[in-house]
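Q: Input sequences plus hints: build the corresponding full structure.
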Amino acid sequence: EVQLLESGGGLVQPGGSLRLSCAASGFTFNNYAMAWVRQAPGKGLEWVSTITGTSFTTYYADSVKGRFTVSRDNSKNTLHLQMSSLRAEDTAVYYCAKVFIVASTRGFDHWGQGTLVTVSS
Amino acid sequence: DIQMTQSPSSLSASIGDRVTITCRASQAISRYFNWYQQKPGEAPKLLIYGASTLQNGVPSRFSGSGSGTDFTLTISSLQPEDFATYYCQESYSTLYTFGQGTKLEI
Chain A
168 EVQLLESGGG
178 LVQPGGSLRL
188 SCAASGFTFN
198 NYAMAWVRQA
208 PGKGLEWVST
218 ITGTSFTTYY
228 ADSVKGRFTV
238 SRDNSKNTLH
248 LQMSSLRAED
258 TAVYYCAKVF
268 IVASTRGFDH
278 WGQGTLVTVS
288 S
Chain B
8 DIQMTQSPSS
18 LSASIGDRVT
28 ITCRASQAIS
38 RYFNWYQQKP
48 GEAPKLLIYG
58 ASTLQNGVPS
68 RFSGSGSGTD
78 FTLTISSLQP
88 EDFATYYCQE
98 SYSTLYTFGQ
108 GTKLEI
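For the record, the sequence lines run as chains A and B. Heads up: the first sequence begins at 168 in our numbering, then just goes up one per residue. Heads up: the second sequence begins at 8 in our numbering, then just goes up one per residue.
If you are wondering where the hints come from, they were derived from the structure by calculation, not from laboratory data. Treat the hints with care, as some may be off.
Ranges of calculated distance between the beta carbons of each label pair, as one might list FRET restraints [said to hold, decoys possible]:
1. B/65 with A/181: 37 to 43 Å
2. B/49 with A/184: 24 to 30 Å
3. A/209 with B/79: 36 to 42 Å
4. B/79 with A/288: 29 to 35 Å
5. A/270 with B/31: 21 to 27 Å
6. A/230 with B/112: 38 to 44 Å
7. B/27 with A/242: 46 to 52 Å
8. A/219 with B/24: 41 to 47 Å
9. A/255 with B/25: 25 to 31 Å
10. A/269 with B/87: 29 to 35 Å
11. A/269 with B/27: 22 to 28 Å
12. B/24 with A/236: 18 to 24 Å
13. B/9 with A/168: 39 to 45 Å
The C-beta atom is built at its ideal place from N, Cα and C for all residues, glycine as well.
A: Structure representation (structure tokens):
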């Protein structure tokens, strides 16, 4: 059974930093790209970042580019999101998700339960 | 960037109703398209991928169609557990843009 467990959320002041982690199990972690998706309180889903299985390629939403860094440790089956220069608008539940690719399509087939990041003074 | 526009934003329906939610992409995305369901306090769940393929375990009352720019999600006979928010998503680009969501209420 695929399991994704996020951690590291909390309250941080504007301009501060936070590192999120996602522990994965139940699948061959290094074979799959992984993603972060966030959801501000009462709002919709926003894709944040994707990293390929080998870490060769990373992608970021314009809203976080230059401030967030995605990484992974395949030896520990763990995904990370390093967030810096945090703003109030980064307040959200952050989900990690496993990327699947089937034939000519792809998406997020498993999600963690999310971790809440609150940016406030 | 590709924009995804869902309609309606909210929808009131009753048990047993047939409902349809639509999503339009700002450019052609072939069938690189997914639907997700999210219930309050829960993570999203993949319902349909590739525009029309049901994810394992999803009831057959859910169906998806479309290609190019216009897509639909249909629930043939609403059940109590179907009241949730539904999101469309393009997977044609590397940005995986979501629609704004459709809240399905009783």
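Q: Going back to the hint list, which numbers does this structure go against?
A: Numbers 3, 4, 6, 9, 12, 13 - these are the hints that the structure violates, sorted from lowest upward.
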